[in-house]
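A.B. asks: Here are the chains, one letter per residue:
4 protein chains.
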Amino acid sequence: MAIKIIVAGPRGRMGKEAVHMIHNTEDFALTACLDHKNEGMKLSDLEAFQDDLNVPVYTDIEKCFSEQQADVFVDLTVPEAAYKHTKAALNHQIRPVIGTTGYTEEQLEELKQLAKEKQTGCIIAPNFAVGAVLMMKFAKMAASYFPDVEIIEKHHDQKLDAPSGTAKKTAELIQEARSPKKQGHPDEEETIPGARGGDFDGMRIHSMRLPGLVAHQEIVFGSAGQTLTIQHDSMNRASFMDGVKECVYQVMDMDELIYGLENIL
Amino acid sequence: MAIKIIVAGPRGRMGKEAVHMIHNTEDFALTACLDHKNEGMKLSDLEAFQDDLNVPVYTDIEKCFSEQQADVFVDLTVPEAAYKHTKAALNHQIRPVIGTTGYTEEQLEELKQLAKEKQTGCIIAPNFAVGAVLMMKFAKMAASYFPDVEIIEKHHDQKLDAPSGTAKKTAELIQEARSPKKQGHPDEEETIPGARGGDFDGMRIHSMRLPGLVAHQEIVFGSAGQTLTIQHDSMNRASFMDGVKECVYQVMDMDELIYGLENIL
Amino acid sequence: MAIKIIVAGPRGRMGKEAVHMIHNTEDFALTACLDHKNEGMKLSDLEAFQDDLNVPVYTDIEKCFSEQQADVFVDLTVPEAAYKHTKAALNHQIRPVIGTTGYTEEQLEELKQLAKEKQTGCIIAPNFAVGAVLMMKFAKMAASYFPDVEIIEKHHDQKLDAPSGTAKKTAELIQEARSPKKQGHPDEEETIPGARGGDFDGMRIHSMRLPGLVAHQEIVFGSAGQTLTIQHDSMNRASFMDGVKECVYQVMDMDELIYGLENIL
Amino acid sequence: MAIKIIVAGPRGRMGKEAVHMIHNTEDFALTACLDHKNEGMKLSDLEAFQDDLNVPVYTDIEKCFSEQQADVFVDLTVPEAAYKHTKAALNHQIRPVIGTTGYTEEQLEELKQLAKEKQTGCIIAPNFAVGAVLMMKFAKMAASYFPDVEIIEKHHDQKLDAPSGTAKKTAELIQEARSPKKQGHPDEEETIPGARGGDFDGMRIHSMRLPGLVAHQEIVFGSAGQTLTIQHDSMNRASFMDGVKECVYQVMDMDELIYGLENIL
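Chains as they are written, first to last, in the UniProt record's numbering: chain A, 1 to 265; chain B, 1 to 265; chain C, 1 to 265; chain D, 1 to 265.
Note that these hints are calculated values from the structure, not bench results. Every value quoted in this text rests on a predicted model; they were computed, and no experiment measured them. The C-beta atom is built at its ideal place from N, Cα and C for all residues, glycine as well. There may be inaccurate statements among the hints.
As the list claims (entries may be wrong) - With a cut-off of at most 25 Å between alpha-carbon atoms, the simulated DSS-like pairs for lysine-lysine come out as follows:
#, chain 1, residue 1, chain 2, residue 2
1, D, 137, C, 137
2, A, 137, B, 63
3, A, 245, B, 140
What the hints assert, rightly or not - Covered, in the sense of this in silico footprint (three residues per stretch, anywhere, with C-beta under 8 Å from a C-beta of chain D), are these stretches of chain A:
#, segment
4, 211–219
5, 225–231
Looking at chain A on its own, in the form it has when it is part of the complex (with noise of 0.2 Å):
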C-alpha cells in the first residue's frame, strides 16, 4: 500500500519539486498540503499544479494533521516553523522528513525524546543531496588510510564565500579521521601568495570561480605511486528529491529521531 505523504510549502521552490517526485512514485500518495494560504482549496486550484492534484490544501497544522491519516509529514520550508511543525508532527505520529535547520541544541535534544517517547521515526537534513553526502563519507573512510588529501570545489562565479560549505564540512570529517599532518614538502614556496590554497589543520582547499560551473567538489587523496578521487557534480536542485525519497522509505522502519542524511546512508 502507498506511503500517505503531507507536505509542507507547496507553492516553495523546494516544495513544488517534493510535490511531483511525491506524485510520480508509485509507492507514494500525496494527501494534503500545509500552506500559508489557499485554506480549503484543492492544490489543483492553484496555478502550476496539474488538475489531477486535488488534494486538500490547509492551513492550520493541527486540522490538516488530524483530519488526514498520513504516514511522513515532508518539510522543506524556512527554519522558523521548523520545530513548531516537527512537534506536532510527531504528536500526532505522524513521521517527519524534515530539510530545514535552524535548532537549537535544547530543541533537538527535546524533540528527540519526544521521538523515542512516540516511538516514531524522525529525520532532519540539512543536505538532502545523496551524492554530496555519500561524498563526504567516502573521503572520511579513505582519510584513514591516505592522510594526505586536497579538496577542489568549483562553483559559478556568483558565489561570494570561499571555500564552499560542503568543502569545509568536508574538511571536517576528514580531520576526524585522519591523523594530523602538515603536507606539501616544508621548504616549499609560493611564489604567488596563495597558490597553494587555503590551510585547513595541514590539508589544502582550492576554490574556483567561472561561469558556466553549476556546483562541483573534487577530493584527491594521494599516496605513493596512486591517488584516489571522488567527485560530486550537481547541475541543480533535482539531485535534493532523491535524498527526500530515501529519507521517506527509511523513515517508516524508523522509532527514533536521526540528525544528519550521512547517519541513515
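Let chain A serve as the given structure and place chains B, C and D on it in line with the hints.
C.D. replies: Relative to chain A, chains B, C and D alone:
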C-alpha cells in the same frame, strides 16, 4: 617494540619493494629473508641491497621459522609455494600476509581452520592497492542508491584484455548491491557498433587504450541533477606497499584468516 | 556607435535568448523583430519581454528591412525560411548571422555569389557553441602530432543516438589531420563485446549515457609518457549566445559568406 | 635515406633516452656521440648500451664534426656548453637541436645571424614536451574567446615552488591574448585565506601537491552555460622524446634559428 618481519623472495620485483618499505618503516624490523638460493648469506651481500641490510637469508622455510622469532611473514612471490608457505607460517604462529592467489577451495578452508586452531591472524589478498580496493568498496556502497552507473577504465595500449580484471570485479560488486537495470534509453541506437561499450548486467563498461596511460579507472554514477564519480589512478607498483603495510599492522590484532583486502579496510 | 540588429523569431527558445543577449550587450542595439504574427505591436507588448523592449515587430520581411536601417540580421529559427531570409537580408545589405542549416548545395553557392556581389558579410553556422567548436579545432591540430586518440562523449540517458553528432564530427576532423592508424594492441581481445568502443578509422569512440549528465565530451591523446586531454562541458543553451555575439562582431568586418564557426574562430 | 645524427652527452639521463629513441626510429641513424670522456671508444663498449650501438665517441667537438658527415646535432646537456656547441655545429652546417637554455640575449642574436648566414636550420627549445606546448598554445587561442579562466597544476609533494613554471608560462601566454579581467564575484570573500588561489593578472592559479602525482595541469575556461578544459598529464621523461623527434624532422627543412617548440608546432 618493532614488529619483526620475515620476507619471502627478496630479490623479486615486489619482494625488493617490500624489503625497502619494511626497512624504511620505523615500527617494522626485517628479521630474515626466505630465498631460493644464497643460504647463509646476508641480504647486504647481494647486489642492490644497502650495507645496513645485514639480515640472514634462508632457503629452508622450517629452519628459517625455527631460528627466527618473527611476528609476521610477508610473501609476495609466485602462487606455487603460497599454500605450503602459509601452512608452515601458521604452524609456527608467525602471522602470514600473502599477496599471491593460487589456492584451491579445499586449501583455503584448511588454512582457515588452521588459523583458528592456532589463533593466529592471516591475510591473503590478490590485490594490495588500497586505493583500488577502496574504489571498489565505495562503488558497491553507492550502487544501492544510484542504480545508473558506467565504468570507464584506461590502460596503456600494450594491455591485451578489455575490460580489465578490476573493471569486471567492480561490476560484479555493483551487481551485488544494485537492483538490476537495463541502462540507457530503451530505443537507443548505435550508429557505430560498440560505441555504448560492453554490457554487463545492464551497466556499460568502456575500455580506453593509449600510450602514455598507466592504469586508471573511473566509475560514474548518475541520477537526476547529479553525478558521483570515483576514480583511481595507479602510476606504479609502489602503490601496493601501502596495502602490505596496512595488513602487517592489522594482522597483529587478528586471530583468524581473512581473504581480500576489502574485508579489512 | 552600437551595432543595429534585427532578430527573427523572438518568441522562440533561441530567439528569446538572442533578444536578451543583445539587450544586455552595450555595443548592440535591437532595432526590430521579425515574427509570424503580432504585426505592428511592440516586443514589450508581448508576454515575457521587459517594458523597455519597445522595438517594432514585423511579419513582412521586405517591409521590415526597408523601414529599418540595420547592420546585422540574426536568424536562429527553423530551416524552412533560412534561404529566403538570408537572400532578402543580403539584398538589403543587412549582414545575416544564421544559426540554421537546411540549405541545398545550390542555394549555398547562390548565396555565396550574392554576398560577394553585394560585398556583404554573412555567417551561416550549424553550431554556435564556441567551446565545442574550439574543442574540435584543437583536436584536429593535436592529431597531427599524436596519432593515438580516443573520444568519450557523455550525455543524459534520454539521448537516442550513439555516438553523438559532435563526436563523429570530431573524429572526421581528426581523420583529416592524422596518419591513419589501427589503435590498441594488435592482439587485444574483448572479453565483453563493445568494451573497446566504436571503431572509426582505427580510433575508438565511447558513449556514456546517464541521468544527471547534460552534454560533455573528452578527447584524449596519448603518446609515450604523456596524455593531452581536451574537454567540453555544456550545461545549457546559453552557451550558444557567446557564438552569436562573436559572429555579430566579426560579420561587421566581412564582405563574403563564411560557413561554419570553425572558419572564423 | 636516414637522417644522420650526432648526440651530445649520451650517458646523461636525457642523452640516453635520445640515443635509444634515435636507434629505434627507422628514419634516423646515430652517427657519433660527443662526451666528456671515452675518446676513441664505441658506445657499445660502455655499460647500459646494446652491442649493436657501435658508434664512435668523441671528446673533441671540432674533430667530431670534421670526421662525421651528420645532418643534425642533438644536445640535451647542461647550459654551460650550449652556446659553444651550437656555434660549432652551425659553422659545420650540422643543424643543431638544443634542449638547454642558458644563452644571453647577445649570444642568441649572434647564433640567429650565424644560422641565417650559413642557411642552416637550428631549434633551441627549453621544453620538448609536445603535449605541454600544445596545451599552452591552445590555452592562448581559447583565451581570446573566453576571458574567464583558472589554472590548476598538480605535482608530487617533493616540488618546492608553487605555482609551477609551466603554470606561470601558461598564464603569461593567456595574458597576451585576453582582455585583462578581475575574475570571481567582486564581493567574494575568503573565509580561509588562499582558498581562491594565487592571483595572476586577475586569473587564479591553484597548486596541488600530493604523493602519487607526477606532473599534471588543467586549464579551465568558463562562459555562460559551458566550460572548456585543456589538460596535460606527464608521467615521465619519455614524453620529451616526441618533441626531439619532431624537431629533428622539422629542422631538416629550415634555414634559420627558431626558439621555442611553440613556434614550430
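A.B. asks: Confirm or reject each hint.
C.D. replies: Hint check:
no. : hint             : verdict
1   : D:137 with C:137 : 12 Å, holds
2   : A:137 with B:63  : 48 Å, violated
3   : A:245 with B:140 : 20 Å, holds
4   : 211–219          : holds (count 3)
5   : 225–231          : holds (count 3)
Violated hints amount to a single one, hint 2; each of the other numbered hints is respected by the structure.
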